[in-house]
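Student: Sequence:
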Amino acid sequence: MVRQLFNVYAEHEIKFFILTREVESILT
171 MVRQLFNVYA EHEIKFFILT REVESILT
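Residue numbers for the sequence shown follow our numbering, so the first one is 171 and each next one is one higher.
Treat the hints with care, as some may be off.
Said to hold, decoys possible - Beta-carbon label-pair distances, calculated as ranges:
| hint | residue 1 | residue 2 | range |
| --- | --- | --- | --- |
| 1 | 176 | 197 | 38 to 44 Å |
| 2 | 171 | 198 | 38 to 44 Å |
| 3 | 194 | 174 | 26 to 32 Å |
| 4 | 177 | 197 | 26 to 32 Å |
| 5 | 192 | 172 | 29 to 35 Å |
| 6 | 198 | 177 | 31 to 37 Å |
| 7 | 196 | 175 | 30 to 36 Å |
| 8 | 175 | 195 | 37 to 43 Å |
| 9 | 173 | 194 | 39 to 45 Å |
| 10 | 198 | 178 | 27 to 33 Å |
| 11 | 196 | 176 | 26 to 32 Å |
Think of the hints as simulated: they come from the structure by calculation, not from any bench. Bear in mind the structure is a predicted one, so any value in this text is a computation, not a measurement. Cβ coordinates follow ideal geometry from the N, Cα and C atoms, glycine included.
All chains, please: the whole structure from these sequences, using the hints.
Tutor: Structure representation (structure tokens):
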């Protein structure tokens, strides 16, 4: 169960990181 929660958290972290990178590339 803990591993499942961590996997979900990691997926959200990756998506957030990608989203941040896309926003940065748009702004600069």
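Student: Decide, hint by hint, whether the structure agrees.
Tutor: Quick rundown of the hints versus the structure:
For residue 176 and residue 197, the hinted distance range of 38 to 44 Å is not satisfied, since their beta carbons lie about 31 Å from each other. The hinted window of 38 to 44 Å between residue 171 and residue 198 holds, with their beta carbons roughly 41 Å apart. For residue 194 and residue 174, the Cβ-Cβ distance of about 31 Å falls inside the hinted range of 26 to 32 Å, so the restraint holds. A C-beta distance of roughly 31 Å is found between residue 177 and residue 197, which places it inside the suggested range of 26 to 32 Å.
Restraint check, residue 192 to residue 172: a C-beta distance of roughly 31 Å satisfies the suggested window 29 to 35 Å. In this structure the supplied range 31 to 37 Å holds for residue 198 paired with residue 177, their Cβ-Cβ distance being about 32 Å. One distance hint, 30 to 36 Å for the beta-carbon pair residue 196 and residue 175, holds here, with the actual separation near 32 Å. Checked against the given bound of 37 to 43 Å, the beta carbons of residue 175 and residue 195, roughly 31 Å apart, lie outside it.
Distance hint for residue 173 and residue 194: a CB-CB separation of about 31 Å, inconsistent with the stated range 39 to 45 Å. In this structure the supplied range 27 to 33 Å holds for residue 198 paired with residue 178, their Cβ-Cβ distance being about 31 Å. Checked against the hint of 26 to 32 Å, the C-beta distance between residue 196 and residue 176 comes to roughly 30 Å, which is consistent with it.
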